[in-house]
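Chains A and B, in that order, give the protein sequences. Just so we're aligned, residue 17 is where the first sequence starts under my numbering, counting upward by one. Just so we're aligned, residue 3 is where the second sequence starts under my numbering, counting upward by one.
Just so you know, not all the hints are guaranteed correct.
Derived BS3-like pairs (lysine-lysine); straight-line CA-CA distance at most 27 Å [unchecked claim]:
#1 K4/B <-> K104/A
#2 K55/B <-> K102/B
#3 K104/A <-> K44/B
#4 K102/B <-> K17/B
#5 K43/B <-> K6/B
#6 K44/B <-> K55/B
#7 K116/A <-> K102/B
#8 K104/A <-> K290/B
#9 K61/B <-> K17/B
#10 K89/A <-> K290/B
#11 K55/B <-> K43/B
#12 K37/B <-> K4/B
#13 K104/A <-> K142/A
#14 K281/B <-> K168/B
#15 K44/B <-> K4/B
If you are wondering where the hints come from, they were derived from the structure by calculation, not from laboratory data. Predicted model, so just to flag it, every value in this text is computed and none were measured.
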Amino acid sequence: MDIRKVKKLIEMLEQSGVSEIEIHEGEESVRISRQSSIAPPVQTVVQIPAVATEQAATDTGQVNSESEGHVIKAPMVGIFYAGPSPDKPAFVERGQNVMKGDVLCIIEAMKIMNQIETDFSGVIGKVMVENGEPVEYGQPLFSIREA
Amino acid sequence: MKRKKVLLHYLADGKFYSGQFLADTLGISRTAIWKQVHTLKKYGLDIYSVRGKGYRLSKPIELLDRSSIESACSSEALGLINDIEIMFETESTNQQLLDKLSTHGIHARLILAEFQTAGRGRRGSRWISPAGAGICLSIGWCFDYTSDSLTALSLAVGVAVVSALKQTGVAGVCLKWPNDIIYQNRKLGGILIESRGEVAGPSTVVIGIGLNVDLPEQVIDCIGQPVTDLARLMEHPPSRNDVAGTIISETIDMLNVFATHGFAAFLQQWRELDYGRGKQATLMLSDKMLQGRVQGINDNGMLVMLIEGQLKEFSSGELSLRIASTASIQP
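Next comes chain A alone, as it looks inside the complex (with noise of 0.2 Å):
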């Protein structure tokens, strides 16, 4: 691979916020990664450690394609809960009705209480988080079977 090509994919992860790239062309392949030990030219400057998004554990093995009907993902990264306030039962408990615009839950991001509604009528098969537990993108929240 042409030593330009490699020093420009660099110099664009150094302005990007991506810590990893790995290309392949034909039968070579490279990968430059900011997390590695590589020394900065110029000791002047502290190395700013790698920016690492808290992660919470998705089970993906929650997800399988037997036929659990409709899934309900997470629209977004925050804080699950099952019920209005602390105090409050649960919005939804596994085998309730739920009519397509019901609530089902809140996803606490930056102070916002996203009220989450469903898309889909049905019985709700499983409820997949616990109470308080982090979601990330997508993670599933709910399996919806038909009525």
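Since the structure of chain A is already known, use the hints to place chain B on it.
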């Protein structure tokens, strides 16, 4: 309800009104007046009575007034507002708007209340707002896009409130992530946004803004964190209606800009108002407590903290700053 409102309109000027005069004016007995006064006291109003003179408030209060509020709004903002409703009392102005959602559109609808009986903070915590002592305001707004792109709206509202305060002469107000309104580590106001929408559909938000204007001493003492109000910050605080109107105006202008440009338009302003930056802090998450130094916010408005030598980003959590250790901040 009406009677309490009329009664308060008389007492608001802080002068003495005899029980007989009030009874005659309201067309009820003196005992009934006594009962109404008793209820108003329960709302947090400091009313006392002197035999032979009558009832009076310990100091005058400025009641909410629509025309004064509107005259503090820019014509652009007024043009965008569909309705301003002023209530004497309600459980919570946010709840009031959310309840309307099932039957009405609430875009650009505003509710202010003299008194909230069940004002809400985050996750069931109470927002204490005695009658006439603060500003309780909720604004409904509909966005065409999904809720995940709205998360930093929470921070942009804070920018709008601080800039409104600055315009009315209240200087030195900062923001603590994501949107606590802070004056010298004391809470002057708070913002609670509630949104509703389908996973992939447009979303409606209700923005609740609470600001402390003139809290009674006993209320200050019973709130579990350091708080302050406009009356304690300034010898001549601005008019309550002026502040309410300016906050409305700034917030509506902000929403209008946010709808097209997003948080990018407010990022720099937020950073200039960041109270936490460089301070040691504890971040309380649902399952753990983390300690570190606040670095600021990223371009999406997420909190960035340096924890055990690593930079980490957060979109939720309660941040409490340790002010004593600010002296040790690196340059």
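Going through the hints against the structure:
1. Restraint check for K4/B and K104/A: not satisfied, since their Cα atoms lie roughly 32 Å apart, outside the 27 Å limit.
2. For a cut-off of 27 Å, the pair hint linking K55/B to K102/B is broken: about 44 Å separates their Cα positions.
3. Note on K104/A and K44/B: the hinted pairing holds, with a Cα-Cα distance of about 26 Å set against a maximum of 27 Å.
4. Taken as a hint, the K102/B and K17/B pair is broken in the structure, with Cα atoms around 38 Å apart against an allowance of 27 Å.
5. With a C-alpha separation of about 11 Å, the suggested pair K43/B and K6/B falls inside the 27 Å cut-off, and the hint holds.
6. Annotation: proposed proximity of K44/B to K55/B holds, straight-line Cα distance about 22 Å (limit 27 Å).
7. Between K116/A and K102/B the alpha-carbon distance is near 18 Å, which keeps this suggested pair within the 27 Å criterion.
8. For the hint pairing K104/A with K290/B, the CA-to-CA distance comes to about 23 Å; that is within 27 Å, so the pair holds.
9. As the CA atoms of K61/B and K17/B are separated by approximately 9 Å, the hinted pair is consistent with the 27 Å bound.
10. Note on K89/A and K290/B: the hinted pairing holds, with a Cα-Cα distance of about 25 Å set against a maximum of 27 Å.
11. The straight-line distance between the Cα atoms of K55/B and K43/B is roughly 18 Å, inside the 27 Å bound, and the hint therefore holds.
12. Between the alpha carbons of K37/B and K4/B the distance comes to roughly 14 Å, so the proposed pair stays at or under 27 Å and holds.
13. Straight-line distance between C-alpha atoms of K104/A and K142/A comes to about 20 Å, which keeps the hinted pair within the 27 Å bound.
14. Proximity of K281/B to K168/B is assessed by CA-CA distance (about 24 Å); at most 27 Å being required, the pair is judged to hold.
15. Straight-line distance between C-alpha atoms of K44/B and K4/B comes to about 17 Å, which keeps the hinted pair within the 27 Å bound.
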